[in-house]
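From first to last, the protein sequence lines are chains A and B.
For the first sequence, position 114 (counting from the first letter as 1) is numbered 114 according to my numbering, and the numbering increases by one without interruption.
For the second sequence, position 303 (counting from the first letter as 1) is numbered 1303 according to my numbering, and the numbering increases by one without interruption.
For the record, the hints were derived by calculation from the structure and aren't laboratory data.
Predicted model only: the values in this text are computed from it and were never measured.
No residue lacks a Cβ here, since even glycine has one placed at the ideal position from N, Cα and C.
Some hints here could point you the wrong way.
[Said to hold, decoys possible] Computed footprint of chain A on chain B; a stretch qualifies when at least three of its residues, placed anywhere within it, have a C-beta under 8 Å from a C-beta of chain A: (1) 1126 to 1135; (2) 1161 to 1170; (3) 1206 to 1214; (4) 1302 to 1315.
[Said to hold, decoys possible] Derived DSS-like pairs (lysine-lysine); straight-line CA-CA distance at most 30 Å: (5) K260/A to K1107/B; (6) K1107/B to K14/A; (7) K14/A to K222/A; (8) K1107/B to K54/A; (9) K1107/B to K228/A; (10) K1107/B to K17/A; (11) K1107/B to K243/A; (12) K1165/B to K17/A; (13) K1107/B to K222/A; (14) K14/A to K1165/B; (15) K1165/B to K22/A; (16) K1142/B to K222/A; (17) K1140/B to K226/A; (18) K260/A to K1165/B.
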Amino acid sequence: MKTLTNPYFVSMEKDAKTQATKDNVSLTVAAGNTDGDTQTQITAIDNAISRGDKGILITTNGDAVNAALNRAKQAGLFVIALDTAPNPAGIANLTYATDNAQAGKLDGQYAAAALNGKPAVIAMLDLFNNQVVSVDINRDHGFLEGMGINPGSKGENGKEAKSGTYSGGKSGTYTIACHQPTQGAIDGGRTAMENCLSANPDINVVYAINEPAGEGAYNALKAAGKEKNVAIYAIDGSCAGLKNLTSGEFAADAVQYPGKMAALGVDSIAKLARGGSKPSVTDGKSFHDTGTAVAAAKPLGGLTVQTPSQAASACWGN
Amino acid sequence: MTTHADPHATTAPAEELLNRPATLTQRIHSVLHRQPALSPAIVLVLAAVVFSLVNDRFYALQNLSLVIQQVAVIGSLAVGQTVIILTAGIDLSIGAVMVLASLLMSKLVADNHWPGVVALLAGAVVAIAAQALNGLLVTKIKLPPFIVTLGTLSIFTAITLIYAKGQTIALQPGNILMWTANTVSLGQLNLTNGVLIMIALYAVIGYALRYTAWGRHLYAVGDDVEAARLAGISVNRVLLSAYMVGGLAIAVGAWILVGRVGGGDPNSGLNANLQSITAVVIGGTSLFGGRGVVFGSLIGALIVQVFVNGLALAGIDPNYQVLAVGILVIAAVSVDQWIRSVKS
Chain A
1 MKTLTNPYFV SMEKDAKTQA TKDNVSLTVA AGNTDGDTQT QITAIDNAIS RGDKGILITT
61 NGDAVNAALN RAKQAGLFVI ALDTAPNPAG IANLTYATDN AQAGKLDGQY AAAALNGKPA
121 VIAMLDLFNN QVVSVDINRD HGFLEGMGIN PGSKGENGKE AKSGTYSGGK SGTYTIACHQ
181 PTQGAIDGGR TAMENCLSAN PDINVVYAIN EPAGEGAYNA LKAAGKEKNV AIYAIDGSCA
241 GLKNLTSGEF AADAVQYPGK MAALGVDSIA KLARGGSKPS VTDGKSFHDT GTAVAAAKPL
301 GGLTVQTPSQ AASACWGN
Chain B
1001 MTTHADPHAT TAPAEELLNR PATLTQRIHS VLHRQPALSP AIVLVLAAVV FSLVNDRFYA
1061 LQNLSLVIQQ VAVIGSLAVG QTVIILTAGI DLSIGAVMVL ASLLMSKLVA DNHWPGVVAL
1121 LAGAVVAIAA QALNGLLVTK IKLPPFIVTL GTLSIFTAIT LIYAKGQTIA LQPGNILMWT
1181 ANTVSLGQLN LTNGVLIMIA LYAVIGYALR YTAWGRHLYA VGDDVEAARL AGISVNRVLL
1241 SAYMVGGLAI AVGAWILVGR VGGGDPNSGL NANLQSITAV VIGGTSLFGG RGVVFGSLIG
1301 ALIVQVFVNG LALAGIDPNY QVLAVGILVI AAVSVDQWIR SVKS
């Protein structure tokens, strides 16, 4: 796991444990101290190798753990990546992941449609500024692409043109007000949003890397008395986050299924370890896509949107 | 220092009287020596002027209001960190204790339906108890503060995670725990109750350090622990009290954090340990103990936030914020070393 402080990963851990009991396999959980704690992941992989485990399920922190994963595969362990595919995808035997770019894209398409041709002044609340993590880049770029804005780079945030025209929805002009790091936490989201608002008080669209960042942004907007005129787009799909759709805090939330990924992962290792065959990947993708969808209180014509209660039937966390 | 020192004597004023400054450098040196908060104050004013010139939104009172609101959590922690660093100690666990206290307060209200005031007091008791543990390990088992708090950093973080199970707790407005987020307008300046509490904390601890025997003893212990012991000061009691004052500051920080977050979040406040030390160091308090004023730490915290905010307004890559803070820390410690150096 990346951390056990984020409910997303806690939910994964819970469903993995449930599945492990069902399949009668023993499961050891290791987690980093913070998001991006690569060193702890490498140590955990080495520990799994020396313990003689059958397989590893990992929510990889990025390329820095690839060498350790290769060591594990050479030692005969099955490596299954969860949540995010490693780069290149072949590092893992199999990946159960959500398509983060697709999640961002669904949010972006909804945002463009909701604007209905009005000018967009966009705050981009990213995860980090000090390291490149694929989920950060994929969600950010996905959102821009969904809006119909060229991200201007393959592997870096903030390289799009600062203003221009978005082609999504009825299309219109846009301005990027800021890219600020949030660490994916509420306090980080709040400070980032406050600074963005100071820089550009006309912001009307907020992209948030995850629900906590979106939550912090909402706190900042509310304190400034602007929460009614700004649409926040989050990604996660936790049960608590979906309630924010009904209450109007978030305009839309791209939902993902961390528990499903973990349960499928544990099940696959159990089968492989007992001589079963390798599960297949989703057509046209290098990984097994566990799906994503956009949920919103207001349906928009031409887009497939789940209602908050539909999405809540598969939500995670409390 | 003689071995039979008068317990009420302090060394600094006599030294200053003897060395009447002559050259301009010596004069500046002397002023900075007497006013540890002066050099950071100059940096803060300069930074504010530069950012105002670069971006006309910076000086807007609305923006300055935000900067001081953003600083309230770290500013409160920095009070406790200053008191501990003045004793030549350090507290690496201060942010971890705050996250624990803020989660406990929120959870007691949201899940256990405790009255807000009782939950707030419970959070404060836990914060002070946690710091008393730090203090006891330092005084009774004689472990270095760095090691003690490095250990308790992990312990308190783990307890928080076990307790929170990774969940965020949202609170309803109107609860006393959320009172710190309520806005108070002073003309064009929009402060929050949290900012006012932080300023009150500075006033109280600042007064105690300057005008009470406890404060004098604290400086004496930080300056030269053996001399303080020989002067009849109960060193262990002073050290323990410093950590417990740290606990009080943490409780205030946790209360303000709950207001900013809108509840408890195990991920919020994770960088607070180092940020509080950064604020203290930039604020002119010596990491070697015995020199500094608590007010300087508020200026230190403000300097960091002014840079972060100013660079964000100017649309500069956030990495440069991190770079600027690093340079400030090195510069602040260099100035401290220069001020402490023996006068020629």
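(message) To test your reading of the hints: which numbers does this structure violate?
(response) The structure conflicts with hints 1, 3, 7, 8, 16, 17, although it agrees with all the remaining ones.
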